[in-house]
Amino acid sequence: MNFMHRDEEVNYFPSRYDPVRHAERYPIPPAICTGSRERCAVEKENDFKQPGERYRSFAPDRQDRFVRRWVDALSDPRVTHEIRSAWISYWSQADRSFGQKIAFHLNLGPSI
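Residue numbers (UniProt numbering): 1 to 112.
Read the hints as simulated data drawn from the structure, not as lab findings. Certain hints may be false.
Now the in silico label distances, taken between C-beta atoms and shown as ranges [said to hold, decoys possible]:
id	residue 1	residue 2	range
1	ARG25	HIS81	34 to 42 angstroms
2	GLN100	PRO29	48 to 56 angstroms
3	LEU108	PHE48	17 to 25 angstroms
Note that beta-carbon positions come from the ideal geometry of N, C-alpha and C, so glycine has one too.
Please build the complete structure, drawing on both the sequences and the hints.
See below:
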């Protein structure tokens, strides 16, 4: 499977090419199992907490290897600046120093 070669649109959302499609509303039946069911939105998700903790749990040499792997992947000439910036943003939200290390090795400013 080659992720760099794409001749069709990606099959996940949100995609930067297609607008987000929301599912149709579906009524929640009021049936009671052992209590009442309630559907609610999670107030604030933190998708970056677990990856940040995982990165910080690595030994320093393993952190360096992980940084090098990401720098190698993002250095590929087929990776656009937009994608590079998005990944640096994601990793910076997980762990600020990790994002800064990647940006430094890619010769990108701290503004990303």
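Any of the earlier hints contradicted here, and which numbers? Those not satisfied: there are none.
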